[in-house]
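Student: Taken in order, these protein sequences are the chains called Z and U. Just so we're aligned: 96 in the working numbering is position 73 of the first sequence, and the numbers increase by one with no gaps anywhere. Just so we're aligned: 894 in the working numbering is position 278 of the second sequence, and the numbers increase by one with no gaps anywhere.
Hints listed in this document are in silico derivations from the structure and should not be mistaken for laboratory results. Just so it is clear, the structure is predicted and the values come from calculations on it, not from any experiment. There could be a bad hint or two in this list.
Pairwise CB distance ranges, derived in the manner of DEER restraints [what the hints assert, rightly or not]:
{"#": "1", "chain 1": "U", "residue 1": "666", "chain 2": "Z", "residue 2": "43", "range": "36 to 44 Å"}
{"#": "2", "chain 1": "U", "residue 1": "622", "chain 2": "Z", "residue 2": "158", "range": "43 to 51 Å"}
{"#": "3", "chain 1": "U", "residue 1": "622", "chain 2": "Z", "residue 2": "243", "range": "45 to 53 Å"}
{"#": "4", "chain 1": "Z", "residue 1": "33", "chain 2": "U", "residue 2": "667", "range": "38 to 46 Å"}
{"#": "5", "chain 1": "U", "residue 1": "818", "chain 2": "Z", "residue 2": "167", "range": "29 to 37 Å"}
{"#": "6", "chain 1": "Z", "residue 1": "239", "chain 2": "U", "residue 2": "911", "range": "54 to 62 Å"}
{"#": "7", "chain 1": "Z", "residue 1": "243", "chain 2": "U", "residue 2": "809", "range": "29 to 37 Å"}
{"#": "8", "chain 1": "Z", "residue 1": "158", "chain 2": "U", "residue 2": "836", "range": "53 to 61 Å"}
{"#": "9", "chain 1": "Z", "residue 1": "146", "chain 2": "U", "residue 2": "632", "range": "50 to 58 Å"}
{"#": "10", "chain 1": "U", "residue 1": "815", "chain 2": "Z", "residue 2": "230", "range": "23 to 31 Å"}
{"#": "11", "chain 1": "U", "residue 1": "764", "chain 2": "Z", "residue 2": "43", "range": "24 to 32 Å"}
{"#": "12", "chain 1": "U", "residue 1": "809", "chain 2": "Z", "residue 2": "167", "range": "31 to 39 Å"}
Each residue gets a CB set at the ideal place from its N, CA and C atoms; glycine is no exception.
The primary structure of each chain is shown beneath.
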Amino acid sequence: MVVITTKKPDEEVFEALENYKIKKLALISCGTCAALCQTGGTEGAEEWKNKLEEKGYQITSVVVSEDVCDNRVMKKDLRKIDDELRNSDAVLTLSCGLGVQSIVTVLQNKYPEMPVLISNNTKFIGMTERIGRFYMRCRACGDCYLNYTGGICPIATCAKGLMNGPCGGMVDGKCEVGNYEKDCGWILIFNRLKAINRLDLFSRLRDARDWSESGHQQEVVFR
Amino acid sequence: MVELKIYSKLGEKIAKKEFILTGELEPEKTCDLSPYVVAANVTDSPLGIVTINSMAASHIIQKEANLEVIWQLTVRDVNKLGIAGMIMGAQSLGIHNILSLTGDHTALGDMPESKPVFDLDSATLVKLVREMVDKGSINGHEIEAPPKLHVGAAANPNAEPMEAEVLKIGRKAEAGAEFIQTQVVYDLDRTIEFLTEINKYKVPVLLGIFPMKSYAIAKGFDTFVPGVSVPKEILAKWKSVKTDISDKKQQNELYDQYNYEFFKPFIKELRQKNLLAGIHCMAVHYPRIFPKLMAIIQD
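Full structure from sequences and hints, please.
Tutor: The structure is reproduced here in C-alpha cells:
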C-alpha cells in the first residue's frame, strides 16, 4: 500500500512560505511512500534544498524519515534535530498529508508556534504497477465489498462509486468520465465474476452504501 | 410485476396494458404535445449541464400545460436524505411519475467542480421510492402521508456487453421498477434480442426512439451521442434530402416521411412480438412528428 502524492506547483509552495514570512526552515522528507512517488525521499529533499537555497532560504536541517506518519518515529527523528528546529521558522514536509499532521502532533507541545507546511498533494491510496504508474483501487470507505465483487472495488474503480453498475455512461466497457479511455469498473467486475463463474453475485441487488459509520471522523482504537 | 395501485395516467395505461406514447421535454420548452402523449419526461440537468431543477419544471409544466410529467430524477446531485425529501415534495406538487436515473457525471458538465454525490444508484432509488410508496415508510420510519408515485428505470439495448446490461435490468426489476424507458435504438435485430432477454423480468418497456428532424440532427446524434450510432443508410438518405432538395417545406415533408417509413416497420415488428408496452419519443424540437407517430401506433 502506498499513499500516492504528487508535487504541488513550486509557486504554490513558495507562496505559502512567503505568507508565513519564513526565512529558515527544516525539511522533513518521507523515505517510504513519497520516495516511491518521487515527491520525497533523499532526492526530493535534495531538490527542494537547492530550490530553496537558490531563493535565499536557509535550510537548517534535512531529515529523510522512514515513517513520517508514525508519531513514535517522528518523535525520535525530531529529537535528533532539536537544536536545528529551535533555529527554524518552520518545517517543510515532503510527504503525504498524514506526514504533516504527524509532525504537527509531535511538535506542537514543544514548538506550539511553529508552522508545518507541505510540498505535496495527497491523491489516493494506490496500487503500484511500476514506478510512475499508480492506480486508485481503494477509497478506505470502511466496509469492504470485495468478497462479492470479484476482488474489484466498485467504490474506487467506478467513477460514480455505484453499488449497482454499470450505468448508462458505459460504452463498450469504457467510462464516460475521461472520454471513454478508462475501463468501466462495473464491467471489470462483470468480467471477473463471469471468469470465476459467479455472475449470481453480479445479479444481486445491493443496498446503498451505509455511511453511518464512515461519513465522519474515523479512528481504530483497540488497546 | 406486482399488482399496482394507480397514481397517474401513465400508471393507468400501464395497468390496462394500453399502448403508450411518452415524449420528452427540455424544461424551458412549451408543451404542445398534450394531444398525443400520455406523459412527457422532464430531464434533470442532462450531460451534467445545469438547468432549472427538474422537479420545479415538472410542477410548472403539469400546472400550466396540463400535461402529465415523468420527473427524471438523477442520484448525481443529492444524497439519500435529500432525495427522500424531494420525493415527498414531488407528491405535494402533484407529480406522480419518476424515472430513476444515475445521471451524467458532474465532470462532463459545465460545473465540473461540483461534488458528485451518487449516494444512491438508479436501482436503490427505485427501491427507496417503492418503500416510501408501498410501505409508507423510510428506513422503517412511518411517513404520515406517504407519496403516491410510479417509478420507472432506464435500459440501454445498445450496451455492450449486453449480458451485463440484462442482469442490471434484473436488479432494477427486483428493486420494483414499474416501467422501463430505453435508450434510443436504431438496430432492430439488437433491439429484438435485448427486449427478448429482459422480457423475463416482466417490466413494461417503452422503447426509446429519436426521429431525426434533419440531416444535421441525424449527423450530430450519430457523432455526439456516445454508444448510439445512426445506421449509414439512414444518414445517406437524410443527406440526400439536404443536398437534393432546396425547398425547406419539401425537405421537411420528406424528412417526416422517411422517419415514418423507418419507424413504422420497426415498431410494428416489436409490437407483433409482444415486446413493447409503448414508445418513448425523444424528438425534442420536433413536435410535428407526433401525429405521424400516432398514425403508426394506431395503425
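Student: So which hints don't hold here, by number, going up?
Tutor: 7, 8 and 11
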